[in-house]
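**Q** Here is what each chain is made of, one letter per residue.
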Amino acid sequence: MSDQGAAASSETTSETPDLPFRVMPAVTVDNEHFWTGGEHGELRILRCQACGYWIHPPAPICPQCMGRDVIPEPTSGLATVLTWTINRQPWYPNLDPPYVVAIVELPEQSGLRLTTNVVGLDPEEIDFGLEVRVTFLEYPDSRGSVWLPMFEPVNHV
Amino acid sequence: MSDRKSGWTRLGEREAVISGVGQSEIGRRIYKDPLGLTIDATLAAVEHAGLKLSDIDGISTYPGNLNQPPGFSGVGVVELQDALRLDLNWFCGGMELPGQLGAVANAIAAVSTGLANHVLCFRTVWEASAQGDQGRASVTMGGGGDALRAQGFLQWTLPFGAPSAAIWIAMMANLHFHKYGTTREQLAWIALNSRRNAEVNPNAIYREPMTHAEYMDVRMISDPLCLYDCDIPADGSTAILVSRADSSDDLAREPVRVQAVGTALRGRPSWDQFDDLTTMALRDAAAMMWERTDLKPEDVHIAELYDGFSFITLSWLEALGFCAQGEGGAFIEGAERIKRESCGVPGSVALNTHGGQLSAGRLHGFGFMHEACTQLWGEAGERQCLQGDGSLPEVAVAAAGGGPLASSFLLTSG
Chain A
0 MSDQGAAASS ETTSETPDLP FRVMPAVTVD NEHFWTGGEH GELRILRCQA
50 CGYWIHPPAP ICPQCMGRDV IPEPTSGLAT VLTWTINRQP WYPNLDPPYV
100 VAIVELPEQS GLRLTTNVVG LDPEEIDFGL EVRVTFLEYP DSRGSVWLPM
150 FEPVNHV
Chain B
0 MSDRKSGWTR LGEREAVISG VGQSEIGRRI YKDPLGLTID ATLAAVEHAG
50 LKLSDIDGIS TYPGNLNQPP GFSGVGVVEL QDALRLDLNW FCGGMELPGQ
100 LGAVANAIAA VSTGLANHVL CFRTVWEASA QGDQGRASVT MGGGGDALRA
150 QGFLQWTLPF GAPSAAIWIA MMANLHFHKY GTTREQLAWI ALNSRRNAEV
200 NPNAIYREPM THAEYMDVRM ISDPLCLYDC DIPADGSTAI LVSRADSSDD
250 LAREPVRVQA VGTALRGRPS WDQFDDLTTM ALRDAAAMMW ERTDLKPEDV
300 HIAELYDGFS FITLSWLEAL GFCAQGEGGA FIEGAERIKR ESCGVPGSVA
350 LNTHGGQLSA GRLHGFGFMH EACTQLWGEA GERQCLQGDG SLPEVAVAAA
400 GGGPLASSFL LTSG
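Chains as they are written, first to last, in numbering that gives the first Met the number 0: chain A, 0 to 156; chain B, 0 to 413.
Partner residues aside, some chain B positions facing chain A, computed with beta carbon under 8 Å:
hint	residue
1	149
2	150
3	157
4	158
5	163
6	170
7	173
8	177
9	219
10	220
11	221
Quick list of simulated restraints, FRET-style, between CB atoms:
hint	chain 1	residue 1	chain 2	residue 2	range
12	A	70	B	9	40 to 46 Å
13	A	79	B	212	35 to 41 Å
14	A	93	B	46	50 to 56 Å
15	B	212	A	93	31 to 37 Å
16	B	6	A	144	46 to 52 Å
These aren't lab readings, by the way, just hints derived from the structure by calculation. All figures in this text were calculated on a predicted structure; none of them were measured in a lab. For each residue, glycine too, the CB sits at the ideal point set by N, CA and C.
In isolation and in its complexed conformation, chain A is listed as follows (with noise of 0.2 Å):
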């Protein structure tokens, strides 16, 4: 294992010399909305269409209300850093640090949170309840695109 980063990262950063070395997700039907809403500049999210609740990470029943009829639908892309780190270790070949891990929270739903990254300032700038909005970082491989959602200060030039 101590090498098998490295060799990952040549197996899947062949096709995207620019880009770092970053472990993607697997995409499937229950998930492919949130991985490649991003095509479409959509950060989607399953949503209950009988209570309105937000499901995130993906079920298919609303815990709210037990509702079956769940389908994906955009969010307005804000959101509000709850918390975050600086991190500064280097974990992946060409994914330098410092780089900002966030959890933000949507304003759809109170508890409706995701772990990103925020990108768009300088590491030090990063700070508790900062508004921010969502961006897309497409990685493409051999398996078809992702789209990372990542984010930025919604002041960001």
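Given chain A, work out where chain B should sit, using these hints.
**A** Relative to chain A, chain B alone:
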């Protein structure tokens, strides 16, 4: 959360006891076969309990035999059973448990329902050898072969360069710092207290004194956690023997009693969706444990609390009621209320008396149960805690797990 205390009608854990403990050699990169380490710990525990190998009719382990990540396991129930040709009435190995010590909770359940009489619980790690000279950062989850694509919870963190619980816990710690004013200067005392205890533990890995300045100056891993907030990968195996309470006459020593167990998970089961990110599932495990006993936090002399990362220990201290939620930083500051000499002192609890995983090595949860029992038996040597009148500690908590995984055990002597 509803008040569930009145709902507990049977306290079956009191029909089980800890009859013996054992450990293999513990170290960094000792390059020994993990099954051999497990056998060493097993034979030591059986001898310690005064039992024969043929008395063992159950095995329980965490996380079962996995080959990823490297060094995380390597031995399951079947390898140990076959090597020792044990006749089993019950066994269990896996990782979807309330923390690493969930394997001990399973054993207690098996014994108290009569499915087994003496269950050998073990946890074996060889992460230090597996990492070789590459260091911990070389071992990241989710890489290689089909695992190049992350599934389950990891899909929500790996793509964002967050493969380690160091990062996930750092975000919880940072929120705690923000909400309650906790500081790195305070958090340092978890690591410093553990190092001071490790100085007098001959089996600990890092035994050189550590100063507060050294803690403050070491490199950061993921703010606000620094290198010394992270435990040390180790090689070693720990065995815990769980027996029927009515088998006491056959045992070498008065067994440790299991007063109460907490295994609850009442919030969402992930590192980022839990309702209150200044705490973790350990909040629920601790609450359940106290629901099942008349003892109180102030009755506890010894607390052996998981420290995969130092903030988890602070969170356990709060959840178990040794201090209020949000007051963990002030509670540990200066280590006056957590040092091993504070055993039995009102308002204090002797914490991680062997040095924890931060200094004694990452035996992954089982080391805390081993130390709690060792202290209650008065077998801890130079680091033995005594109450003010010179008597042995009588009540201990052993607890392990972080994030969505946690279980806690209230143990009493004699």
